[in-house]
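Sequence lines, in order, name chains A and B. Sequence positions in the first sequence follow UniProt numbering and run 1 to 253. Sequence positions in the second sequence follow UniProt numbering and run 1 to 223.
Mixed in with the good hints, there may be bad ones.
[What the hints assert, rightly or not] Result set (DSSO-like, lysine-lysine): computed pairs, CA atoms no more than 27 Å apart in a straight line: (1) A/K165 <-> A/K113; (2) A/K140 <-> B/K122; (3) A/K165 <-> A/K194; (4) A/K27 <-> A/K116; (5) A/K27 <-> B/K122; (6) A/K113 <-> B/K158; (7) A/K138 <-> A/K116; (8) A/K77 <-> B/K122; (9) B/K122 <-> A/K165.
Bear in mind the hints are in silico, worked out from the structure with no lab data behind them. Predicted model only: the values in this text are computed from it and were never measured.
One letter stands for each residue in the lines below.
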Amino acid sequence: MAANAPAQALLRMRGIEKSFGVVPILKGIDLDVAAGELVAIIGPSGSGKSTLLRCINRLEEPQAGSIHLDDVEITGKRVNLSTIRRDIGMVFQAFNLYPHFTAERNVSLALSKVRKLPAAEASERALAALEQVGLRHKAKAFPAELSGGQQQRVAIARSMAMTPKLYLFDEPTSALDPELVGEVLAVMQEMKAKGQTMVVVTHEMAFARQAADRVIFMDEGVVVEQGTPDEIFRYSVNPRLSSFLRNYRGKEA
Amino acid sequence: MDEIGKFFFDGTIAAAVLPFLFEGFLVTLQLSVLTILFGLALGLALACARAYGIMPLNLLIVAFVDILRSLPALVILICIYFVLPEYEIRIDAYWATVLTLGLVLAAFSEEIFWAGITSVPKGQWEGGLSTGLTFTQTLFYIVLYQAVQMVIPPLTNKTISITKNTALASVVSVSELLNQASSQQALYANPTPLTVAALFYLAVFAPLVVLSRHIESRYAVKR
Ligand SMILES: Nc1ncnc2c1ncn2[C@@H]1O[C@H](COP(=O)(O)OP(=O)(O)OP(=O)(O)O)[C@@H](O)[C@H]1O
Ligand SMILES: [Mg+2]
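Only chain B is shown next, with the shape it has when bound in the complex (with noise of 0.2 Å):
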């Protein structure tokens, strides 16, 4: 049983590994956080443009999401890294991770603000067009606060759920947490990188799983 257990965490070699595994840490939480911002602003702004009901518009929109929501985020990384530069595009390996995720978390963070803004009550925006208010100011002074506060938890769950494929920048070796703890696990030919790699997964996710608990409640839709 010990031996098992030394096999999968092998103190020596974990000290050894630490210091490259902590610069795949590193890159892995910079592209996370790009990703969130990136994805949630373009993801917000496309619902906001879309509440303006503007046909064409909004059909680019639905077309963008449905594509980006059906392609799985590999084959987007692919074709962004690989086959754009056919087109003289050259995006690097690390931008074309962040597009990607950033792209496919809008897409799917599009679809749950829109689905706030429209559940926000009829009577909401006719309280403020009827004191005077604009369409927009209605719309980000009245209905988007609560639309977002309706939205967050499924919001928070997407957000990690698409966040955590950083892992696939390894694909087009950027020297993230995984890449870095596969080539070391590769050197040692012991999996205790992986094992030190998942408790730095841990430490980026864990916190953002417990903030979003605790924004769930902070922002909890009081009636």
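Looking at chain A on its own, in the form it has when it is part of the complex (with noise of 0.2 Å):
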């Protein structure tokens, strides 16, 4: 049996359950997620995909089920929150940068406090962060100081310098104005090229369909169908997601 086993998923969720009050909102999801794939997450607005990834990170804690990234039982009790988020990397809609730091500061703060780097090197690992996502020349400048998408550059590179097994992005392009949305679903793509594990809630179909390995579909809590691209966007007769698709379609018209 165990010979037989698939290679065991980086990120594994079993029947994670969580409610606000008596509101059910995430009823019982498995999911997995390999190491070097891109999953990306849709659904409509109120079915729970924030939940969910923040429950990955205990950002919100489940009542119900595990989580547990490589061997580490995240939703454990015992568990080191500390140690668990360092090695997941977050990206918010609202990118969520520190206003009184430079983008410097912004993505070298973890690396001196929670990796305890010394700063030279910090910086350094910093620098080199913000390089990947084309804005060392940005260092010294406070996220006010930076457009929506180099502001949210910044803050993948926050992510990037901790060196994260795991990445969540929360819909990372909805602030954006639309002509800021490709340069930063552009260094996702490169982030997806170099292998890195990244698990995508996004509203952004021709991303989901284009950079995705597989694509989740959830509504009201559940994951109600799953596949890969072409299986969700062009061969699903699932009436949920159809009529989901097609309200998309109609606003993008």
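With the hints as a guide, dock the two chains, each given alone in a separate frame, to form the complex.
Dropping the structure here:
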């Protein structure tokens, strides 16, 4: 049995349940993400996508189920949240950069305080991460001096610098003007090309179709359908998915 | 008209009382500085402690803050100076004043700092926590700066208005500015010492007001 089992996935979620008050938001989610995979999560507003993502780094506490990253049980009772989170990068819709620090300090803060790197090394790694997102020349700029797209790239660099095992993106381009979306998606494409493992909640269907290895469709707290982009966007006959996608095409047209 | 002017500011009397008032001025200055240091430090510490959400502790903090904000400073001062000795706790008048005003400033500033902490967007906490910073690190490196920056205007206003109450120390006969001025006024039967005292008060607090304006614009929130 063990001999036939597929290689163990990097991220394994089993039976995740979460409610706010009496309202169930996640109703038993199972999800595996293999190393190097880009999984896109789509679904209507309020379906629980963000909540699911936030359970993975325990910004939300699931009430039932288990989550493993590699050999570590994230949902374990005695885990050190700081240790878990430094290995899971998160990129937010609203960037959440620290307005009182420069781009470089935004990126290096966790390197010095969490990874405990000496100042020179933290700064060097921060600059290298900014270089990767094409913003080394903005190292001394404050967030307010950057465009939305640049801010989001700094936020990505902040995650990247920590060299996490897994990246979580929660609608990374939803707060951006349309002409700034491309630069952020391009950075994400590059990360994928380098073999990073990424879970991306997105409303950018074109991105999901083209960059994702697997697409998950969530509705009302359950995974309704999952498969390759083609399976989801072309061949699915699931009525909820079809109606969701039709809605989208309507908006994009 | 000139007669009246002379009545409120008689140069000869002003010159004669100046040394006494200057002594009082120095005491007022010291009381003010100590009150501000003690009050703001304690207020900030309490607000930070409250951020941890430890229930029994938070109830204590809120009770302390609400009681001190409800009582007139003079009542607290009298309790500390006249009532505590009944229980064998003796504090001299000078330190009783610092303690009173410091506690009052701590209570008001705790509330202001707390309002600042709670109005820092949740995303700032999440940004920090998601990179592995602990709660304490996130509070001190990320949240606190922004919280303080947001509340500087109300904070400086409260600080100035509470610190001006050093004049209450005259009630427990600390020879601060007002006390010196009133005894000199009684001596000369002329209000000139009070006029000079007012100028000294301006000398202490006008710079504070100007400084607060400077701080406000220097740390104005950029977004
Ligand atoms: N902290 C909270 N307290 C109470 N209810 C919450 C909380 N966070 C989320 N919810 C509710 O849970 C439901 C799912 O929210 P979630 O943010 O996970 O949806 P989503 O799929 O990410 O939606 P969107 O596409 O709009 O971002 C929503 O109905 C939301 O109102
Ligand atoms: Mg969401």
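- Query: Are there hints from earlier that the structure breaks, and if so, what are their numbers?
  - Reply: Violated: hints 4, 6.
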